[in-house]
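Taking numbering that gives the first Met the number 0, I'd label the letters of the sequence shown as residues 0 to 130.
Honestly, the hints are just simulated from the structure, not real lab data. Be aware that a few hints might be false.
[Unchecked claim] Straight-line alpha carbon distances no greater than 27 Å define the calculated DSSO-like cross-link-like pairs of lysine-lysine that follow:
| no. | residue 1 | residue 2 |
| --- | --- | --- |
| 1 | 28 | 93 |
| 2 | 78 | 28 |
| 3 | 28 | 69 |
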Amino acid sequence: MNGQVVTGQELRTIIQGVYPRAYVPAIDKRYFLPSLDFARVQLLGSTFKDYGFKPETFDCDDYAAVLLGKVKERQLREKWAHPMAFGMAIGTLKNGLNHVTNVAVTDLEEVVWLDCIGHDMAGFRPRLIWI
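Using the sequences and the accompanying hints, generate a full structural model.
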């Protein structure tokens, strides 16, 4: 994969610069930062959206987990040198509801929400960002 590569600590610093209250356990030593288009392709190119929303059994947390798994599967299949700065976030929507969504940090060092459910992510307050 081409793109900017950062350390786990640098990734944590980027995220906490925007969301200082979020817990960010950067597990790996290095990550590559994708372009926004590349990150969006992960969401748009996934077929699991055809499963449909099913409260409790296939809702926001399930969508986010499956998409993260598909990204990790692609990472293995294509033998990327570093994992993409792509993961899951748990937090609260502007309306107060708890929500789980996917998140990426782009090559422009922007934290972007990639929400499978289609919620308005403006005002989302993450408590945990796991990449």
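Handout entry: Hints violated by the structure (listed by number, smallest first)
Key = 1
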